[in-house]
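Read left to right, the sequence shown gives residues 1 to 724 (our numbering).
Mixed in with the good hints, there may be bad ones.
List of simulated lysine-lysine pairs, DSSO-like, C-alpha gap at most 30 Å [what the hints assert, rightly or not]: (1) LYS155 x LYS166; (2) LYS155 x LYS358; (3) LYS628 x LYS585; (4) LYS568 x LYS540.
Now the in silico label distances, taken between C-beta atoms and shown as ranges [unchecked claim]: (5) THR537 x GLU619: 25 to 31 Å; (6) GLU714 x GLN99: 26 to 32 Å; (7) LYS379 x GLN505: 41 to 47 Å; (8) LYS379 x GLU714: 42 to 48 Å.
Think of the hints as simulated: they come from the structure by calculation, not from any bench. From the three backbone atoms N, C-alpha and C, an ideal C-beta is built for every residue, glycine too.
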Amino acid sequence: MKMLKQSLLAFLLLAFSVAKADEGMWLPQLLAQLNEKQMKSMGMKISAADIYNINKGSLKDAIVSFGGFCTGEVISSKGLVLTNHHCGFDAIQNHSTIQNNYIRDGFWARNNAEEIPNPGLFVTFIIRIDDVTKQVLNGVTRNMDEKERQSAIDKNIAELRKNVKKENYQDSFIRAFFDGNQYFLFVTETYKDVRLVGAPPSSVGNFGKDTDNWMWPRHTGDFSMFRIYAGKDNKPAEYSVDNVPYVPKRSLSISLDGVAENDFTMVFGFPGRTTQYLHSAAVEQIMKVNDPVKIAIRDKALAVIDGFMRKDEQIKIQYAAKYAGIANSWKKWQGEVLGLTSTNALGKKQAYEAEFQKRVNANPQWKEAYGNLLLDLVKTYNEFEKYSLARDFFNETMSRIEAFAIVNQLNSLRNAKEKNGEKGFTNALPGVKERLAEIYKEYSPVVDKQLFIALIDKFVKDQPQEFVAPYLLNKLKENNNDVSKLADELYNNVDLFQNGNKVLQQLSSNPEVVMAANDMNHANQLIAELSTYYNNTVSKNITGLQSRINQLNRTYMQAQMEVMKEKKFYPDANSTLRVTYGNVKGYNPRDAVQYDYYTYLDGVMDKYKPGDYEFDLPEKLRSLYKNKDYGQYGSNGKMPVCFIARNHTTGGNSGSPALDAYGNLVGLNFDRVWEGTMSDINYDPSICRNIMVDIRYVLFIVDKYAGAGHLVKEMNLVHPKKKK
Numbered sequence: 001m002k003m004l005k006q007s008l009l010a011f012l013l014l015a016f017s018v019a020k021a022d023e024g025m026w027l028p029q030l031l032a033q034l035n036e037k038q039m040k041s042m043g044m045k046i047s048a049a050d051i052y053n054i055n056k057g058s059l060k061d062a063i064v065s066f067g068g069f070c071t072g073e074v075i076s077s078k079g080l081v082l083t084n085h086h087c088g089f090d091a092i093q094n095h096s097t098i099q100n101n102y103i104r105d106g107f108w109a110r111n112n113a114e115e116i117p118n119p120g121l122f123v124t125f126i127i128r129i130d131d132v133t134k135q136v137l138n139g140v141t142r143n144m145d146e147k148e149r150q151s152a153i154d155k156n157i158a159e160l161r162k163n164v165k166k167e168n169y170q171d172s173f174i175r176a177f178f179d180g181n182q183y184f185l186f187v188t189e190t191y192k193d194v195r196l197v198g199a200p201p202s203s204v205g206n207f208g209k210d211t212d213n214w215m216w217p218r219h220t221g222d223f224s225m226f227r228i229y230a231g232k233d234n235k236p237a238e239y240s241v242d243n244v245p246y247v248p249k250r251s252l253s254i255s256l257d258g259v260a261e262n263d264f265t266m267v268f269g270f271p272g273r274t275t276q277y278l279h280s281a282a283v284e285q286i287m288k289v290n291d292p293v294k295i296a297i298r299d300k301a302l303a304v305i306d307g308f309m310r311k312d313e314q315i316k317i318q319y320a321a322k323y324a325g326i327a328n329s330w331k332k333w334q335g336e337v338l339g340l341t342s343t344n345a346l347g348k349k350q351a352y353e354a355e356f357q358k359r360v361n362a363n364p365q366w367k368e369a370y371g372n373l374l375l376d377l378v379k380t381y382n383e384f385e386k387y388s389l390a391r392d393f394f395n396e397t398m399s400r401i402e403a404f405a406i407v408n409q410l411n412s413l414r415n416a417k418e419k420n421g422e423k424g425f426t427n428a429l430p431g432v433k434e435r436l437a438e439i440y441k442e443y444s445p446v447v448d449k450q451l452f453i454a455l456i457d458k459f460v461k462d463q464p465q466e467f468v469a470p471y472l473l474n475k476l477k478e479n480n481n482d483v484s485k486l487a488d489e490l491y492n493n494v495d496l497f498q499n500g501n502k503v504l505q506q507l508s509s510n511p512e513v514v515m516a517a518n519d520m521n522h523a524n525q526l527i528a529e530l531s532t533y534y535n536n537t538v539s540k541n542i543t544g545l546q547s548r549i550n551q552l553n554r555t556y557m558q559a560q561m562e563v564m565k566e567k568k569f570y571p572d573a574n575s576t577l578r579v580t581y582g583n584v585k586g587y588n589p590r591d592a593v594q595y596d597y598y599t600y601l602d603g604v605m606d607k608y609k610p611g612d613y614e615f616d617l618p619e620k621l622r623s624l625y626k627n628k629d630y631g632q633y634g635s636n637g638k639m640p641v642c643f644i645a646r647n648h649t650t651g652g653n654s655g656s657p658a659l660d661a662y663g664n665l666v667g668l669n670f671d672r673v674w675e676g677t678m679s680d681i682n683y684d685p686s687i688c689r690n691i692m693v694d695i696r697y698v699l700f701i702v703d704k705y706a707g708a709g710h711l712v713k714e715m716n717l718v719h720p721k722k723k724k
């Protein structure tokens, strides 16, 4: 039995090390040092200097952070930017009306004059990346508590940013890596005049909607197009009719040759957040506590919204983006639990930790520094568990009820007046009015009331009573423990929740009337009591425990890099520019199921359901398919749509370019397969795949379907495989 356990441990460690060979979100300036040799062995034909170079144009100069939440890429010398449909969806929705429904029908500007401005939308280029670890950690010692440490770091960062070498139109930020063991400075350029150029109808750009989200096989043309505008000097400028299309340092060439199995692919972008180096106790808590409760709460919210959206076109427009946002993580968490379970993530973590502890115990210096580290992590996570559960209940519930968001906006106005008098009130009023206008634009009191009923009922019944505010329990008792009666009391005949136009008008003419109404309404008192109770019973405990966890994780990260010398570490994602690479590959998610790596327009037609919310298709697309009218974009009589590969991606990589061995654009990253969504926590090459729309399908929709061939003419189309 002892030999069996040792063999199992050795096998799990081997599996762990093999998995690491295929994963990673690598900093582009370090590719030459860490990755270039392996990338070339996998088929890459360019050099690391072609990817990241500060002395001449390189691939990094065609990559942008799109709005701070997605990635985009420049695909023409006239500043044309490609990103996902779901990344551009808010802009598309904001310009949609019942009369001009760009969500349903799509939008295509025929010339620059028709391109639509998007206030608040921006794109950011990375100019260079510098290691500033030594400067940031100057004066920081192990004896400091977390607050002292962060204060010292903040001062160092502020001083560094004051003296950073950059142009006056550029900016900079400094970000922590490896849990605060390393720091890099990023010099950036941000362009704030970004205009909508084109978007397919949702029946193409969001084909399959929630049923197909996170799933493979996939048949979604998830793309939209924007254009960057600059001042006449090609520098960043606020929106102006006098601005001109931006001329980039580098734009991506586009391959019409597609990909084959085992082809090298590389994804360049801004992945949001991963936690690859968590202790097994944290992973177990995510699997068995946090994900399940968040899934259950969102089940309730989605059921309410979906019921209304299917009956009312106006509500469908108002709630489309919110529904998609709620459903996205809801489905991802389900796949995450499935993937962590099916790949034995806990067992692999525990085997790794056992080997780590064995090495630590064998080295007196390490034992003194790290001997009790893993035990301390387990103890702290165990203390943290009940508070993290209460946090998820509170955040998931309160963030879905927009009556509370309305109240909180008006309370911020009251707070500004109390803190800074009339001047503070006057300064805060425009921002509050703007945010309330955005809320009311996509708000239905009928929907919100039903959300309140469904979610508050679960909030009260399904978590430990010690975390439910007594005020809420008393209010329910007054209403015979009927949440719907409490909802009537809060929503009925209350202008704040029933008449947004009236509220906005009064804020302009007589804001004190609105403030007084908000002070007196029952929802205001309820959210105040809920928030106060949460802060006193949950938040203050989380703050202390999270500080301790952060400190332990930082030490654990440092210890792993010191003890596990044979392992090549990459930093967790933190919304900074990264490169990930792999090969085109199908996968086997479960017994007797084998997925190919490509989908075609044939599969789109197989899923077609006339009149269906998710799977209807435009007549013109069906006609193009019937006539096999694919132009130069088809392949062997078929129209490629999507493909998958072993590139390690996450949220924020939406819209990232998928590049071939020569750095040409072959696809547009937009999703991951459901079985592999646990890649944020535990990447496993057996089932982790990213999903990309084939660039030829994008061009086919733009040219043959939308008739916007003038956009294709801007692009540089190439055939790299024909040069072999």
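Cross-check of the supplied hints:
1. LYS155 x LYS166: Within the cut-off at roughly 20 Å; holds.
2. LYS155 x LYS358: Roughly 39 Å separates the two Cα atoms, so the pair is violated.
3. LYS628 x LYS585: holds, 27 Å
4. LYS568 x LYS540: violated, 37 Å
5. THR537 x GLU619: 25 to 31 Å: Between THR537 and GLU619, where Cβ atoms are some 58 Å apart, the hint is violated.
6. GLU714 x GLN99: 26 to 32 Å: holds, 30 Å
7. LYS379 x GLN505: 41 to 47 Å: violated, 57 Å
8. LYS379 x GLU714: 42 to 48 Å: violated, 59 Å
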